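Protein chains: 2
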Amino acid sequence: MQPGEPNAVAEAITADLSNEFLSSARVFAWSVSEVIERTVLREVAGDSLTFSQLKLLYLVAHTDVLNIGDAAAFLGVTCGAASKAVDKLVRRRLLRRVAPAEDRRTFRLSLTETSRKLMEAYQAARDYRAKLALEQFPPDELRRTSELLDRLAGAIVSSSANPNAICMQCEIYFRERCRFGECGRRNCFYQYHKTRDLRPGNDHKPAEGKVI
Amino acid sequence: MQPGEPNAVAEAITADLSNEFLSSARVFAWSVSEVIERTVLREVAGDSLTFSQLKLLYLVAHTDVLNIGDAAAFLGVTCGAASKAVDKLVRRRLLRRVAPAEDRRTFRLSLTETSRKLMEAYQAARDYRAKLALEQFPPDELRRTSELLDRLAGAIVSSSANPNAICMQCEIYFRERCRFGECGRRNCFYQYHKTRDLRPGNDHKPAEGKVI
Chain A
2 MQPGEPNAVA EAITADLSNE FLSSARVFAW SVSEVIERTV LREVAGDSLT FSQLKLLYLV
62 AHTDVLNIGD AAAFLGVTCG AASKAVDKLV RRRLLRRVAP AEDRRTFRLS LTETSRKLME
122 AYQAARDYRA KLALEQFPPD ELRRTSELLD RLAGAIVSSS ANPNAICMQC EIYFRERCRF
182 GECGRRNCFY QYHKTRDLRP GNDHKPAEGK VI
Chain B
2 MQPGEPNAVA EAITADLSNE FLSSARVFAW SVSEVIERTV LREVAGDSLT FSQLKLLYLV
62 AHTDVLNIGD AAAFLGVTCG AASKAVDKLV RRRLLRRVAP AEDRRTFRLS LTETSRKLME
122 AYQAARDYRA KLALEQFPPD ELRRTSELLD RLAGAIVSSS ANPNAICMQC EIYFRERCRF
182 GECGRRNCFY QYHKTRDLRP GNDHKPAEGK VI
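Chain order of the listed sequences is A and B. With the first letter of the first sequence counted as 1, position 156 gets the number 157 in the working numbering; the numbers rise by one all the way through. With the first letter of the second sequence counted as 1, position 208 gets the number 209 in the working numbering; the numbers rise by one all the way through.
Note that these hints are calculated values from the structure, not bench results. Everything numeric in this text was worked out from a predicted model, so none of it was measured. A hint or two may mislead.
Any copy, or any two copies together, can satisfy a pair, since identical chains are not distinguished.
[Claimed, not checked] Heads up, simulated DMTMM-like pairs for lysine to aspartate or glutamate below, C-alpha to C-alpha not over 25 angstroms straight-line: (1) LYS56 - GLU35; (2) LYS132 - GLU148; (3) LYS89 - GLU121; (4) LYS132 - GLU142; (5) LYS132 - ASP17; (6) LYS56 - ASP17.
All chains should be built: construct the whole structure from the sequences, respecting the hints.
Take a look at the structure:
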């Protein structure tokens with residue numbers, strides 16, 4: 002039987018294989034979260050920056066205008082908490098208000114010199130740590146795996162009730178061309194905020210909420 | 002240059018490739034969490050069971066004696082919240098206290114007929130949903146990907162400050178033989194609770210905390 006024959010493939014996806022695959026994906030996601038993200042951040046910034054704050058800096062660095070609701074969805078917190086988080090980073094001079102906000106629900110923010118350097122240091126340290134693990138596999142195998150995960154993720158969400166949702170699920174791993182968005186019929190939040198028409202009255206489609 | 006040559010491989014792991022790989026892994030983890038876990042649970046149990054409660058039922062189904070601290074680490078909540086969560090499920094007759102706990106910090110619990118059937122229904126629905134996505138790829142490719150993710154995760158955590166930590170990071174995807182544990186020098190919480198010596202005075206090594 003060839004892999005191309007649907008029945009042959011379908012029969013072989015046992016509950017055990019499914020469990021093993023999901024288990025591997027779960028421990029990988031945890032390892033990245035624990036080491037590649039949080040441990041590296043502690044090494045770079047000590048206790049001066051939480052991972053949630055780093056995410057907010059990343060969001061500001063990659064978007065134009067932020068709506069409080071989007072920032073809240075991105076961080077997985079309430080709008081009030083997102084608003085406080087922004088204020089705190091402004092007070093600490095890690096974020097700068099570029100222009101007074103006419104609407105209190107939106108921000109025009111940018112990184113400061115300090116936070117820009119911090120982000121660069123974090124990303125360099127993260128890339129180095131990731132490379133140490135990734136280099137045990139040939140790049141082509143990593144690319145193939147990346148594509149497989151995107152296609153699987155796309156297949157999983159494409160049947161959901163919310164097609165064409167605004168997506169920010171790559172979190173701090175934005176890429177210009179996102180296979181997941183293509184396969185899963187998602188609209189990239191980052192792309193949307195680079196290109197959308199900001200004229201008054203133009204609908205701002207809310208971002209899909211994070212699962213918290 | 003061959004993949005086996007370290008320098009050849011190392012040179013090719015660019016920051017872009019690293020970012021793409023981590024991005025794919027992130028969106029896959031989110032898709033599983035959002036659809037394979039939470040949407041499926043809503044389909045099976047409506048609003049009657051949260052995902053956190055389902056995790057607790059799974060933990061009870063797969064372990065002997067629970068320490069409140071372990072349950073809290075597994076759920077990513079405080080000990081007080083874990084204790085309340087257990088009490089609530091006992092009151093709703095989804096958990097049964099098998100024997101009075103001599104030490105209030107430990108539980109001897111089992112599933113009831115209702116919760117056992119609920120778990121079975123959830124796992125069947127989950128396996129079906131996962132299969133729909135997974136069957137677009139040949140089983141051998143999925144197994145290879147699973148192994149690659151385990152080895153990467155193992156490489157990422159093996160350099161951390163806490164080798165041989167008690168690990169519960171597979172969450173609700175326990176497997177008898179865990180490559181991640183082998184590569185990453187972790188000790189499986191589930192295995193540990195099946196085999197450990199429960200005589201008084203035997204140290205109970207705390208489980209590694211979840212990142213929340």
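**OP:** Return the numbers of the hints above that this structure violates; sort them in rising order.
**Re:** No hint contradicted; all consistent.
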